[in-house]
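If you read the sequence shown in this note's numbering, its first letter stands for residue 488, the second for the next number, and so on.
Hints were generated in silico from the structure; no laboratory data involved.
Just so we're clear, the structure is a prediction, and the values are computed from it rather than from any experiment.
There's no promise every hint is true.
Beta-carbon label-pair distances, calculated as ranges [stated by the list, open to error]:
hint: 1; residue 1: Arg578; residue 2: Leu489; range: 48 to 58 Å
hint: 2; residue 1: Asp576; residue 2: Leu788; range: 44 to 54 Å
hint: 3; residue 1: Gly750; residue 2: Ala783; range: 23 to 33 Å
hint: 4; residue 1: Ser1060; residue 2: Arg578; range: 17 to 27 Å
hint: 5; residue 1: Asp576; residue 2: Ser794; range: 18 to 28 Å
hint: 6; residue 1: Arg872; residue 2: Ser794; range: 36 to 46 Å
hint: 7; residue 1: Ser889; residue 2: Asp576; range: 29 to 39 Å
Simulated crosslink set (DSSO-like; lysine-lysine; CA at most 27 Å straight-line) [unchecked claim]:
hint: 8; residue 1: Lys579; residue 2: Lys616
hint: 9; residue 1: Lys579; residue 2: Lys568
hint: 10; residue 1: Lys673; residue 2: Lys579
hint: 11; residue 1: Lys616; residue 2: Lys1058
hint: 12; residue 1: Lys568; residue 2: Lys616
hint: 13; residue 1: Lys579; residue 2: Lys934
Using N, Cα and C, we set each Cβ at its ideal position, and we do this for glycine too.
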Amino acid sequence: MLVVFALILLALVLFATEWFPIDVTAILLMVLLMVLEPWTQITPREGISGFANPATITVLAMLILSTGVNRTGIVQLIGRKMAAFAGADRRKQLAATVGITGPVSGVVNNTPVVAILVPVINDLAHNGKTSPSKLLMPLSFASMLGGTLTLIGTSTNILASDIAAQIGAESPELGLHAFGMFEFTKLGVLVFAVGAIYLMTVGVRLLPERIPADEDLVEEYAIQEYLADVVVPANSPLIGQTVEEALGDDELDIDVLQLIRYGERFSGPLARKEIRESDTLRLRTNRETLEQIMDAEGLRLTGGPQSEGDLHPGEEEPVLVEVVIPSGSFLVGETLASSTFRQRYDANVLAFRTRGDVVRDRFEDIRIRVGDTLLVQAPPDSLTRLVENEDFIVAHEFDEVSYRSEKIPFAAAIIAGVVALPALNILPIVVSALAGVVAMVFSGVLKPTELYSSVEWNVIFLLAGVIPLGSALQQTGAAALLGDAVASTATFLPALGVLWVFYIATGLLTSVISNNASVVLMIPVAASAAQSIGANAFAFVLAVTFAASTAFMTPVGYQTNLFVYGPGGYKFSDFIRVGAPLQMLLSVVTVLGIAFFWGVHP
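Put together the whole structure using the sequences plus the hints.
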């Protein structure tokens, strides 16, 4: 037990600090559990069993199915109808954001739903003269609330269902079983309704306007001081050199964004463009470097752009966009210097937003993390390629992106079948989900080559890595020991109070580590505690599941929060201000709802 507790402590530290990607941490734990088999009682076969676990396979299949739905453009279509309905009315905008995102997240994995809707909501806010800060956090929160509506709303529910089934098989007296497709929907509807009312009333007042409604990206990122136009005079040594030869030294931290020659603008790629007399170069650099280069090369400052309109006058399509880095992107763990991002997309990065801080220069060597946001300038065709690449979430909608809209009926029918077959007890969820994947390929919704790129492999490795940790907790008696410790609170708390303690503990744990890791650690403990005090184990498992699925208090507690962190211009404290009251409210609503629908005692 001491060895298992030490591994759990190591897991908590590594998950919270992100010294390694969370999927790498999970695999490290899996390896340590097998290496320390005499103490952990996890054999190699049990150690790697997470890869063949029904929960892992179901999540993998659901990720592919979600991609198939995305390829048809149905979520974008719903989003555009939502924007047309809302117009410039702020209350309608918020109601549409919450009202559409929640139900859709109940049947399509909520993480890709938010990734798709970020640009839709961002544009809706700007076009309707509303601060994006007022809509993007509600978008993320609504997706989490919607994830509680059905078994397939989030990977957390699927994993919790499988763990409950395993514990139920080993300890039949607990009465635990795999969740039905709509088994907890009535509680999910209650939680969603209360959460939606909170967001529409209290939440909207607590949300700050971090990004003013009428600000463009140049003003939002305050990069005016880092943009300058310089003219090349007749005596400058730069004449005759290419842009790369003249200003391509990485030590200088200068990007040439545009070359203007006799009124004609050249935006890229500029590396091999020869500099001539009277050319105007638009630069991104800091004032110190600018003064240094002007003195050395005899350049003359003529001002600089103060807004997006100045940056690219007359352009119909935006050439300046925010790009959010999702999990699974090739940029995660890389730096701009070590990646091929610039070369691949002919793109210049003008600013870098990481965990709420904006970096405007010397960001080449910053290691990129999930949720970081890049302010990118690139030609329209490059931006379209960025939009179509699942390595990025571009926070602006582009009309050029093509969808398989003719396949919408097939995708809708397949998802309906995947939901209905397990609900009617005709097929297990893992079988219906895999059958849905095959159906999507046969119907042309997805191409066979897209199956592998559709899977967020870091999520799969995370699940496979942490599942054996739950087994070790049970087999060594560590879960029973922790369960008895928590159960001791029953001497001064009623069973309902102990249930609330588990909800709060799981919510706090999920705020610093992965939601999936939280249910792996907490469900065995909750089941043991319920057994110790003679309470309804299903009620305790459900409380842990709902708490792990609704982690509002930090941007790192749930992946969808990271997706809106940058585009919303939020600070870490904003999530605490808006999320903590919601989490406390839902702790009461969820616990009372469980007691009402299922009872705390068997």
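Comparing the hints with the structure gives:
no. : hint                         : in the structure
1   : Arg578 - Leu489: 48 to 58 Å  : holds, 56 Å
2   : Asp576 - Leu788: 44 to 54 Å  : holds, 45 Å
3   : Gly750 - Ala783: 23 to 33 Å  : holds, 28 Å
4   : Ser1060 - Arg578: 17 to 27 Å : holds, 26 Å
5   : Asp576 - Ser794: 18 to 28 Å  : holds, 27 Å
6   : Arg872 - Ser794: 36 to 46 Å  : violated, 26 Å
7   : Ser889 - Asp576: 29 to 39 Å  : holds, 31 Å
8   : Lys579 - Lys616              : holds, 13 Å
9   : Lys579 - Lys568              : holds, 12 Å
10  : Lys673 - Lys579              : holds, 26 Å
11  : Lys616 - Lys1058             : holds, 22 Å
12  : Lys568 - Lys616              : holds, 18 Å
13  : Lys579 - Lys934              : violated, 38 Å
When each numbered hint is compared with the structure, violations occur for hints 6, 13.
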